[in-house]
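**Q** Our numbering numbers the first residue of the sequence shown as 2 and each following residue consecutively.
Careful: at least some of the hints might be erroneous.
Ranges between beta-carbon positions, derived for each pair [stated by the list, open to error]:
(1) 56 with 18: 40 to 50 angstroms
(2) 60 with 23: 28 to 38 angstroms
(3) 29 with 66: 14 to 24 angstroms
(4) 63 with 37: 20 to 30 angstroms
Don't read these hints as lab results, they were simulated from the structure. Don't be surprised by glycine CBs; every beta carbon is placed ideally from N, CA and C.
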Amino acid sequence: MAPAADREGYWGPTTSTLDWCEENYSVTWYIAEFLSNLIMIIPPMFGAVQSVRDGLEKRYIASYLALTAIG
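Model the full assembly from the supplied sequences, consistent with the hints where possible.
**A** Here is the structure:
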């Protein structure tokens, strides 16, 4: 694959030689691959909801919510 366009985002210039599924910084200046990050937020959200339903300790809920921040 060819390198991504010279579109610089908030975190600096793109240094990877691979551009997998989508263009970097195409939706927002802060997120390189927007759809990939959006999809990776969904599983931890389900984990947090299930932790609440199961009555688990708050540390489990906090862990899942921390994973949503990472994406």
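**Q** Hint by hint, say whether it matches the structure.
**A** So, going through the hints one by one against the coordinates:
1. The given range of 40 to 50 angstroms is respected by residue 56 and residue 18, whose C-beta atoms sit roughly 48 angstroms from each other.
2. For the pair residue 60 and residue 23, the supplied restraint of 28 to 38 angstroms holds, since their beta-carbon distance comes to about 34 angstroms.
3. At about 21 angstroms, the CB distance of residue 29 to residue 66 agrees with the hint of 14 to 24 angstroms.
4. Checked against the hint of 20 to 30 angstroms, the pair residue 63 and residue 37 passes, with Cβ atoms roughly 24 angstroms apart.
In summary, this structure violates none of the numbered hints.
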